[in-house]
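A.B. asks: Going down the list, the sequences are from chains A and B. According to my numbering, numbering within the first sequence proceeds without interruption in unit steps and concludes at 257. According to my numbering, numbering within the second sequence proceeds without interruption in unit steps and concludes at 564.
Quick caveat, the hints were computed from the structure, so don't treat them as lab data. Because the structure is a prediction, the values reported are computed rather than measured. C-beta: ideal position from N, C-alpha, C; glycine also. A hint or two may mislead.
What the hints assert, rightly or not - Here are a few chain A residues that face chain B, going by a calculated C-beta distance under 8 Å:
1. Leu55
2. Ile81
3. Ile90
4. Leu106
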Amino acid sequence: MSDTPIIQIRNLSKSYGSKLVLKNLSLDIFPGQVLGYIGPNGAGKSTTVKILAGLIPDFEGEVFVNGFSMADDPLEIKKLIGYVPENAEIYDVLTPMEYLDFIGKLYGMEEASLHDRAKKLLVAFGLASNTDDRMDTFSKGMKQKVLLIAGIIHNPKIIILDEPLSGLDANAVIMIKELIMRLAKEGKTIFYCSHMMDIVEKVADRILLINKGEIIADGTFESLKQNHSDTLERIFSKLTGREDSGSEADAIINAFD
Amino acid sequence: MNKIFLRFVTFLNPVLENTGVDTDQLYQILKVKLLMDDRRPNAMFAARRNAANSNKVQSPWLISFFTVLIGLFMSMILLLNAGPYIVQTLYFTIFMVMMALTLISDFTTVLIDSRDQFILLPRPVNDRTIAVSRILHISIYVLRLALLQGLPGLVMIGFIDGILAVPLFFVQILEATFLSIFSVNIIYLLLMKSVSPQKFKDIISYFQIGFSVLIFATYYLLPRLINVSALEHISLLSHRWAYALPPVWITALNELLMHPGRSSFITGVLAVTGFTLPLIGLWFVAKVLAPGFNRRLAVIATSEGNSDSAVNTKKAGKFSFIDATGKIIAPDPIENAGFKITWKLAARTREFKMKVYPSFAYIPIYFIYFALNTKGENLSDRLDELQNGHSYIFLIYMCSLILTTVLMNISMSSKYKSAWVYYALPIDKPGKILSGMFKAIITLYYLPYFLVMGSVIVAVWGPQVINDIILAFLVSTIYGMLTALFIVKGLPFSRPVIAKQGGGRMITSFAMLIFIGGIGFLHSLLMKWEMVIWIMIAPFLLITWLMFHYYKKQTWDNIQVVEV
Numbered sequence: 001m002s003d004t005p006i007i008q009i010r011n012l013s014k015s016y017g018s019k020l021v022l023k024n025l026s027l028d029i030f031p032g033q034v035l036g037y038i039g040p041n042g043a044g045k046s047t048t049v050k051i052l053a054g055l056i057p058d059f060e061g062e063v064f065v066n067g068f069s070m071a072d073d074p075l076e077i078k079k080l081i082g083y084v085p086e087n088a089e090i091y092d093v094l095t096p097m098e099y100l101d102f103i104g105k106l107y108g109m110e111e112a113s114l115h116d117r118a119k120k121l122l123v124a125f126g127l128a129s130n131t132d133d134r135m136d137t138f139s140k141g142m143k144q145k146v147l148l149i150a151g152i153i154h155n156p157k158i159i160i161l162d163e164p165l166s167g168l169d170a171n172a173v174i175m176i177k178e179l180i181m182r183l184a185k186e187g188k189t190i191f192y193c194s195h196m197m198d199i200v201e202k203v204a205d206r207i208l209l210i211n212k213g214e215i216i217a218d219g220t221f222e223s224l225k226q227n228h229s230d231t232l233e234r235i236f237s238k239l240t241g242r243e244d245s246g247s248e249a250d251a252i253i254n255a256f257d
Numbered sequence: 001m002n003k004i005f006l007r008f009v010t011f012l013n014p015v016l017e018n019t020g021v022d023t024d025q026l027y028q029i030l031k032v033k034l035l036m037d038d039r040r041p042n043a044m045f046a047a048r049r050n051a052a053n054s055n056k057v058q059s060p061w062l063i064s065f066f067t068v069l070i071g072l073f074m075s076m077i078l079l080l081n082a083g084p085y086i087v088q089t090l091y092f093t094i095f096m097v098m099m100a101l102t103l104i105s106d107f108t109t110v111l112i113d114s115r116d117q118f119i120l121l122p123r124p125v126n127d128r129t130i131a132v133s134r135i136l137h138i139s140i141y142v143l144r145l146a147l148l149q150g151l152p153g154l155v156m157i158g159f160i161d162g163i164l165a166v167p168l169f170f171v172q173i174l175e176a177t178f179l180s181i182f183s184v185n186i187i188y189l190l191l192m193k194s195v196s197p198q199k200f201k202d203i204i205s206y207f208q209i210g211f212s213v214l215i216f217a218t219y220y221l222l223p224r225l226i227n228v229s230a231l232e233h234i235s236l237l238s239h240r241w242a243y244a245l246p247p248v249w250i251t252a253l254n255e256l257l258m259h260p261g262r263s264s265f266i267t268g269v270l271a272v273t274g275f276t277l278p279l280i281g282l283w284f285v286a287k288v289l290a291p292g293f294n295r296r297l298a299v300i301a302t303s304e305g306n307s308d309s310a311v312n313t314k315k316a317g318k319f320s321f322i323d324a325t326g327k328i329i330a331p332d333p334i335e336n337a338g339f340k341i342t343w344k345l346a347a348r349t350r351e352f353k354m355k356v357y358p359s360f361a362y363i364p365i366y367f368i369y370f371a372l373n374t375k376g377e378n379l380s381d382r383l384d385e386l387q388n389g390h391s392y393i394f395l396i397y398m399c400s401l402i403l404t405t406v407l408m409n410i411s412m413s414s415k416y417k418s419a420w421v422y423y424a425l426p427i428d429k430p431g432k433i434l435s436g437m438f439k440a441i442i443t444l445y446y447l448p449y450f451l452v453m454g455s456v457i458v459a460v461w462g463p464q465v466i467n468d469i470i471l472a473f474l475v476s477t478i479y480g481m482l483t484a485l486f487i488v489k490g491l492p493f494s495r496p497v498i499a500k501q502g503g504g505r506m507i508t509s510f511a512m513l514i515f516i517g518g519i520g521f522l523h524s525l526l527m528k529w530e531m532v533i534w535i536m537i538a539p540f541l542l543i544t545w546l547m548f549h550y551y552k553k554q555t556w557d558n559i560q561v562v563e564v
């Protein structure tokens with residue numbers, strides 16, 4: 001692990017109207033880290049991810065990726081990043097091959113190597129027989145696989161995964177978990193954003209907990225366990241102020257009386 | 001066809017590169033977008049699985065055919081006998097308005113394709129490339145349309161001004177097209193810079209509604225209001241304001257080269273303006289207006305979720321008119337649910353409003369059209385003539401066309417999949433939802449509209465027509481219910497939007513129209529006896545009540561369930 005951070009976020013703030021979504025967020029991420037980014041709904045997770053992926057250009061503060069500033073060189077940063085969005089938006093009248101061809105060429109890849117890689121990836125993800133079918137007939141999981149491939153096709157240094165396992169079956173989940181660890185070993189930095197605590201617990205070597213636009217916990221799973229509780233789920237609910245989930249359940253049951 | 005256009009775009013590469021566009025990326029984006037356009041028609045409909053593959057070719061050709069047909073009607077103008085400039089200026093005005101209209105209605109879907117946000121923005125593509133790709137995408141679409149629309153004009157001008165005028169006319173068509181693109185672009189970009197994203201979409205859709213009403217009104221009313229034979233004596237260029245009209249610049253090119261005898265220095269200036277301005281416009285859009293374009297678009301896509309919540313919280317806890325009326329009109333819980341869901345969705349769904357609202361304006365326009373057709377020297381004469389006649393019967397029954405439009409669209413929605421709840425919940429008689437829906441349509445749209453039209457009619461013809469209005473209301477409610485029974489086969493907002501209707505449905509709705517016309521005719525026969533009309537109201541009230549009663553009893557067998 002190198003000493004210079006690949007992603008530096010300094011005093012990042014973002015507001016929608018009067019509502020402050022991110023409050024002076026500062027963060028260093030180092031190459032090869034698998035960062036688990038968790039937090040309750042509306043905590044500012046997606047906003048951070050979207051700013052990092054270059055989807056939200058107006059924000060306050062500074063974001064540096066590999067020495068490039070997001071405000072000045074967004075294109076250089078976008079070349080380094082592979083982003084798999086949460087909502088499976090895809091041009092679904094295209095076939096996977098056409099879609100990957102399109103995305104790859106936007107990254108300026110050569111057609112021959114692009115097609116070769118796309119084919120290999122489609123085969124590896126178990127979509128070999130669907131290469132030339134239109135994606136509007138695909139299941140959610142199949143589309144998710146295509147999105148994952150589109151996110152890594154240009155061999156990016158940083159991979160941002162926003163809830164990447166939605167709709168995937170158990171086998172695919174195991175495969176993706178394995179893939180994340182292998183990619184990290186290759187020196188890729190992975191920004192993993194999810195609500196599934198058990199998976200974050202397993203794949204991430206650094207966990208960030210964000211609540212109401214602020215980071216409230218930062219460390220390895222082990223260090224978080226020592227200070228707080230024994231599972232990530234418990235740590236999560238303790239730190240985000242929902243410790244008494246038992247009484248909430250009581251209230252729900254009582255509503256039927 | 002697409003390949004030709006893509007090849008054409010590569011000619012522009014040197015210019016585009018100067019403004020900072022990545023031409024390789026541009027080519028790829030355009031290629032994919034055009035490919036998607038071609039595939040869209042049959043991919044959009046859920047019915048595609050049942051439909052044979054042969055549909056694929058059909059729809060684009062049909063659309064092309066109609067475009068050529070419209071072009072043919074437009075080119076008839078060229079045959080008019082009038083002074084210099086007039087004919088072509090008129091033609092190009094209509095041409096540009098048609099173009100701008102198509103642009104505005106298609107621009108929204110292309111510009112605010114929310115998927116672009118997640119597919120294009122994370123990639124290393126700069127603002128200019130994306131903005132220019134959007135403009136060119138639209139341009140190619142429009143160019144195809146322009147060529148089809150201009151084709152009859154091209155042939156026509158060959159006969160009028162000789163074969164040399166044909167290539168010239170082609171250039172003129174291009175000028176008109178580029179100018180339309182440019183002006184619509186400016187409107188869009190300015191709107192996006194000055195208006196909040198939420199309002200933007202609304203403004204655009206009201207724009208569209210207004211425009212379609214305008215077109216309709218011009219089509220019906222303009223020929224009645226102006227005198228064609230007077231055109232011959234108008235000298236357009238004697239009016240200073242005429243110099244500012246883009247169609248005049250375009251026409252000047254023809255004047256300069258085809259009729260040099262009657263053209264002057266000013267004609268030359270105008271012609272040059274018409275030639276250079278579209279090019280300057282394209283450059284201006286790419287260089288000045290496009291930067292920051294994506295920023296605004298990103299705001300549109302991201303801010304939506306946040307601003308919505310603020311609006312909704314305000315209303316909670318307040319007295320609700322819908323709840324109160326719903327309780328009285330549709331007391332059954334399931335019926336009440338159907339009533340409220342229809343009311344709220346109809347009032348809030350943009351695409352539904354777009355389809356239905358214009359028809360509200362069509363009926364008065366129709367009526368004015370017929371009123372203008374009545375004999376009489378001047379306006380007051382015509383009004384007298386109108387008051388003595390019984391044409392109000394015609395007007396009242398025409399109101400039922402609104403019911404048809406609303407009913408035709410009420411079961412369709414692009415978010416039809418949300419209707420799974422109807423199929424998942426234990427609803428024994430979907431007829432209850434349908435009757436709730438029908439009552440909502442009547443109270444939300446039909447009754448208010450009818451009251452407004454009714455008061456206008458009473459104001460013109462006097463209070464003795466009230467009985468006719470009441471009877472007509474009952475009759476058209478029955479008509480509406482019949483339409484609902486035979487045509488509306490789905491629950492509210494539960495079916496995908498389908499462009500073309502089956503032949504059977506067309507015949508049914510035609511039969512309905514004849515039916516309502518027949519009833520209206522019978523009504524006008526009975527009008528001599530005022531008392532009869534009053535008496536007729538009673539049995540029709542009974543029939544209406546009975547029909548509601550049976551309408552409610554519809555079972556799932558009568559409803560087409562769409563696979564969700």
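A.B. asks: Determine for every hint whether it applies to the structure shown.
C.D. replies: Evaluated hints:
Residue-level restraint check for A/Leu55 holds (minimum Cβ-Cβ distance to chain B is 5 Å; threshold 8 Å). Checking A/Ile81 against chain B: minimum C-beta separation of about 7 Å stays under 8 Å; hint holds. Interface restraint check: A/Ile90 against chain B, minimum CB-CB distance 7 Å, threshold 8 Å, status holds. Annotation: A/Leu106 was flagged as interfacial toward chain B, and the flag holds, the nearest CB pair being 4 Å apart, inside 8 Å.
In this structure, none of the earlier numbered hints is contradicted; all agree with it.
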